[in-house]
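Asks: Residue numbers (my numbering), protein chains in the order written: chain A, 1 to 238; chain B, 1 to 483; chain C, 1 to 161.
Hint data in this document are derived by calculation from the structure and do not stem from the laboratory. Any given hint could turn out to be false.
Claimed, not checked - Straight-line alpha carbon distances no greater than 35 Å define the calculated DSBU-like cross-link-like pairs of lysine-lysine that follow: (1) B:207 - A:210; (2) B:207 - B:47; (3) B:21 - B:94; (4) A:210 - B:21; (5) B:289 - A:210; (6) B:207 - B:82; (7) B:207 - B:21; (8) B:82 - B:47; (9) B:47 - B:94.
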Amino acid sequence: MSVHTLRIDGRDLAVPEGTTLLQAAREAGIAIPTLCHLEGLSPVAACRLCLVEVEGAGKLLPACITPASEGMVVHTATPRLQDIRRTVVELLFTEGNHVCAICVANGHCELQDLAVSTGMDHSRLPYRFPDRHVDLSHPFFGLDHNRCVLCTRCVRVCDEVEGAHVWDVGWRGEHCRIIAGLEEPWGAVDACTDCGKCVEVCPTGALFHKGDTTAEKQGEPARLQALVHARRHQQWDP
Amino acid sequence: MSPPRRTITIDPVTRIEGHAKITIQLDDAGAVETARFHVTEYRGFEKFCEGRPFTEMAAITARICGICPVSHLLAAAKTGDKILAVTIPPTAEKLRRLMNLAQLTQSHALSFFHLSSPDFLLGWDSDPARRNVFGLIAANPDLARAGIRLRQFGQGVIEALGGRKIHAAWSVPGGVREPLSEETRLRIQAGLPEAFAITERALGLFKTLLDTQLGEELGIFGNFPSLFLGLVGPGALWEHHRGAEAGCGIRIVDSAGVVVADGLREDDYASFLAEAVEPWSYLKFPYVKALGPEAGSYRVGPLARLNLCERIGTEQADRELLELRQRGGRVVTASFLYHLARLIEILACLEQMQQLLDDPTITATHVRARAGVNAHEAVGVSEAPRGTLFHHYRVDENGLIEAVNLIIATGQNNGAMNRTVTQIARHYLSGERLTEGLLNRVEAGIRCFDPCLSCSTHAAGQMPLLVELVGADGQLRDVLRRD
Amino acid sequence: MGSRRLVIGIGNSLRQDDGVGWHVAEALAARVEAGALAELEVLAVQQLTPELVEPIAAAGAVVLVDAVITAAGAGPAGLEPLRLEPLHPAGASGPAPLTHHATPGALLALAMALHGTGPPAWQLLIPIAATATGFGEELSPGASARLAEALDLLTAWARHA
Numbered sequence: 001m002s003v004h005t006l007r008i009d010g011r012d013l014a015v016p017e018g019t020t021l022l023q024a025a026r027e028a029g030i031a032i033p034t035l036c037h038l039e040g041l042s043p044v045a046a047c048r049l050c051l052v053e054v055e056g057a058g059k060l061l062p063a064c065i066t067p068a069s070e071g072m073v074v075h076t077a078t079p080r081l082q083d084i085r086r087t088v089v090e091l092l093f094t095e096g097n098h099v100c101a102i103c104v105a106n107g108h109c110e111l112q113d114l115a116v117s118t119g120m121d122h123s124r125l126p127y128r129f130p131d132r133h134v135d136l137s138h139p140f141f142g143l144d145h146n147r148c149v150l151c152t153r154c155v156r157v158c159d160e161v162e163g164a165h166v167w168d169v170g171w172r173g174e175h176c177r178i179i180a181g182l183e184e185p186w187g188a189v190d191a192c193t194d195c196g197k198c199v200e201v202c203p204t205g206a207l208f209h210k211g212d213t214t215a216e217k218q219g220e221p222a223r224l225q226a227l228v229h230a231r232r233h234q235q236w237d238p
Numbered sequence: 001m002s003p004p005r006r007t008i009t010i011d012p013v014t015r016i017e018g019h020a021k022i023t024i025q026l027d028d029a030g031a032v033e034t035a036r037f038h039v040t041e042y043r044g045f046e047k048f049c050e051g052r053p054f055t056e057m058a059a060i061t062a063r064i065c066g067i068c069p070v071s072h073l074l075a076a077a078k079t080g081d082k083i084l085a086v087t088i089p090p091t092a093e094k095l096r097r098l099m100n101l102a103q104l105t106q107s108h109a110l111s112f113f114h115l116s117s118p119d120f121l122l123g124w125d126s127d128p129a130r131r132n133v134f135g136l137i138a139a140n141p142d143l144a145r146a147g148i149r150l151r152q153f154g155q156g157v158i159e160a161l162g163g164r165k166i167h168a169a170w171s172v173p174g175g176v177r178e179p180l181s182e183e184t185r186l187r188i189q190a191g192l193p194e195a196f197a198i199t200e201r202a203l204g205l206f207k208t209l210l211d212t213q214l215g216e217e218l219g220i221f222g223n224f225p226s227l228f229l230g231l232v233g234p235g236a237l238w239e240h241h242r243g244a245e246a247g248c249g250i251r252i253v254d255s256a257g258v259v260v261a262d263g264l265r266e267d268d269y270a271s272f273l274a275e276a277v278e279p280w281s282y283l284k285f286p287y288v289k290a291l292g293p294e295a296g297s298y299r300v301g302p303l304a305r306l307n308l309c310e311r312i313g314t315e316q317a318d319r320e321l322l323e324l325r326q327r328g329g330r331v332v333t334a335s336f337l338y339h340l341a342r343l344i345e346i347l348a349c350l351e352q353m354q355q356l357l358d359d360p361t362i363t364a365t366h367v368r369a370r371a372g373v374n375a376h377e378a379v380g381v382s383e384a385p386r387g388t389l390f391h392h393y394r395v396d397e398n399g400l401i402e403a404v405n406l407i408i409a410t411g412q413n414n415g416a417m418n419r420t421v422t423q424i425a426r427h428y429l430s431g432e433r434l435t436e437g438l439l440n441r442v443e444a445g446i447r448c449f450d451p452c453l454s455c456s457t458h459a460a461g462q463m464p465l466l467v468e469l470v471g472a473d474g475q476l477r478d479v480l481r482r483d
Numbered sequence: 001m002g003s004r005r006l007v008i009g010i011g012n013s014l015r016q017d018d019g020v021g022w023h024v025a026e027a028l029a030a031r032v033e034a035g036a037l038a039e040l041e042v043l044a045v046q047q048l049t050p051e052l053v054e055p056i057a058a059a060g061a062v063v064l065v066d067a068v069i070t071a072a073g074a075g076p077a078g079l080e081p082l083r084l085e086p087l088h089p090a091g092a093s094g095p096a097p098l099t100h101h102a103t104p105g106a107l108l109a110l111a112m113a114l115h116g117t118g119p120p121a122w123q124l125l126i127p128i129a130a131t132a133t134g135f136g137e138e139l140s141p142g143a144s145a146r147l148a149e150a151l152d153l154l155t156a157w158a159r160h161a
């Protein structure tokens with residue numbers, strides 16, 4: 001296996017071929033914020049939070065899908081990137097209806113954590129207050145579209161890990177939303193195995209256990225990662 | 001002839017901070033015809049809730065008031081229990097009762113010690129500038145300090161149960177989120193003796209004042225016949241939490257002591273209560289439907305609860321209840337005795353807290369029932385410090401809120417507050433000038449009911465009070481403002 | 001009187017800019033929790049109530065952070081600056097209030113009256129517009145800029161022994 005050497009934030013690193021910039025940075029202890037990315041699921045580069053500057057590239061590149069190559073010079077935390085990341089978080093907040101005080105995920109929310117880490121204490125953009133609904137038709141789980149950031153982790157985990165493919169993304173632009181089955185109430189989709197993996201990987205309070213009240217939901221992405229690891233390596237003992 | 005029309009413009013600032021206004025209307029002879037207590041209260045919470053899962057209602061409605069979120073929290077959770085159609089674990093029921101007892105204690109302590117006692121301890125003719133809690137401290141520092149300690153005790157219990165951070169959602173549909181630890185049980189118990197001592201001292205002091213100086217107030221400060229409405233428990237014992245079930249429910253008595261209705265179910269509130277709307281107030285005026293807006297006007301709160309019950313069910317409080325009835329009759333009509341009723345209720349709360357904390361099952365850990373949506377409409381009821389609080393939700397088959405109606409205690413006492421202000425104005429107004437003495441007494445009359453005025457925002461300080469004297473011709477004769 | 005400094009932030013976080021004082025306290029509390037500010041007690045409250053007298057009396061110095069509605073408010077451009085004012089005991093004259101909450105001055109006066117001594121106190125007022133107090137959790141850009149300033153100011157104050 002060949003090795004590439006590159007420089008990230010002034011540090012010289014050597015990584016095996018096929019390593020993404022995100023993996024390389026994290027292994028070197030350099031933090032790059034992510035939202036749609038989740039170890040164990042395929043990367044989709046949808047949220048644009050992990051954008052980095054690569055010298056000579058001419059455009060910003062998402063670290064989660066950009067492979068490290070020989071001689072790259074990468075910057076992960078320039079003022080320009082910090083401003084872009086903050087703007088991305090502002091867009092996410094203003095595009096939906098995120099009322100933390102009454103949210104099931106309050107205190108355990110990746111979007112909330114991102115707002116803190118990117119220094120987004122208010123939005124410079126106007127709030128859109130879209131009219132969205134809540135789907136409580138499933139016997140165990142609920143989906144609140146107001147809190148959905150369209151990261152598609154649920155779509156991917158259901159397809160790639162559970163193999164049920166209940167979720168998909170429907171419509172376009174501002175009407176874009178997660179749909180169950182063929183745009184049916186979740187509870188009416190026979191394919192759903194009620195496994196709850198989508199709830200565990202959801203970064204916000206969009207997917208939740210019915211009956212959860214304020215601040216009761218804790219995401220459990222580590223369980224998914226353990227499962228994926230066990231399958232991949234056929235190691236079922238912890 | 002139709003009454004003269006007035007246009008009231010409420011600018012954003014007054015709408016937000018809220019202000020209270022009293023209009024005293026004179027008749028042709030220059031005597032007081034009516035007095036009205038207006039509250040420019042702005043509520044949007046009912047609309048705000050539509051489309052949300054009913055499980056969020058406790059957290060949403062608890063934000064209506066920063067002083068007493070507990071009352072809405074409990075009413076919302078009880079309404080949620082009924083949507084789940086479950087009987088909650090017995091320990092959860094006891095813990096909710098414990099929290100409501102603490103809530104009644106801290107709220108009554110604020111009303112009696114901090115807001116009202118300066119009025120009657122220092123006297124109407126004392127320097128108005130000193131007739132407040134500071135004058136009270138100068139005159140009786142121990143009492144002032146004790147009031148704060150008692151309130152802190154109640155708040156401490158609420159915080160110990162719900163936690164400072166999560167208490168907005170501690171009580172949930174199906175029960176409560178956290179059981180009571182042995183350590184917390186002991187900590188609450190340790191605070192009880194001081195709370196008892198404070199309450200007993202205040203009772204002794206207030207009864208002495210009633211015997212010696214406050215006779216006139218009993219007659220003038222809202223003393224009139226009316227109905228009283230509230231919860232009673234099994235055997236018609238004093239009740240603060242349990243709604244309609246076997247042997248309990250909502251009771252209505254008249255001032256002669258006749259039980260007009262008993263065992264009413266909160267679920268049927270719309271069949272026995274109606275709400276009149278007046279153009280001059282945002283608050284609605286609930287009344288007993290069968291009797292109409294006048295005869296059906298009723299009072300709720302501490303005095304109503306004591307009038308409704310046969311007994312309280314604990315030794316010390318029952319002794320005080322007997323004394324109250326010797327003083328004011330089987331059904332007490334003098335609104336001024338709401339103050340005494342508050343102190344008696346604090347005593348009842350402390351005794352019942354003691355009983356609950358001595359119960360070995362109070363620290364049991366099964367405190368939450370889980371279920372899906374089993375009913376599409378539900379009404380929950382609880383006795384808030386100021387009176388009976390109704391939450392009414394309609395949900396779709398999955399539990400999303402379709403409609404919400406809240407009937408709050410201050411609204412139900414609205415008619416009684418107006419009658420109180422009218423009675424005081426008739427007695428103390430002379431000529432066409434508003435005096436400080438009149439204003440003091442009008443304020444004290446309103447304080448008997450400890451009304452909860454607009455409080456969903458707080459910025460910009462105090463709520464000013466405006467009193468207007470209006471002649472029979474509709475012309476303003478005098479205005480007094482107090483900031 | 002102790003040496004511990006106290007910050008009380010006041011506001012309703014569900015009423016937009018009305019909650020700015022509360023937000024300041026929450027953010028400051030997060031800094032304390034992170035270990036950045038050791039000797040600071042922070043309380044975030046929806047309203048001022050009399051039992052706050054106890055922590056006030058026990059503190060070495062106090063700042064109350066609150067929103068204040070002004071004609072211009074924070075404005076879209078955030079033109080009005082923060083107002084840091086010495087807090088004087090007040091409310092000791094005049095009749096008892098009709099409402100259930102107390103003013104900052106009255107709390108300080110109460111602490112002094114009950115405990116014989118009150119700590120040095122200030123109030124940090126954050127100007128907001130009356131129109132920015134609808135339902136919602138978000139702060140206006142102006143209020144938010146003031147929040148950041150308030151946070152820096154209080155952090156510096158807490159660190160300055």
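Asks: Could you check the structure against the hints above and give me the numbers of any it violates, in ascending order?
Replies: Violated hints: 1, 2, 3, 4, 5, 6; rest satisfied.
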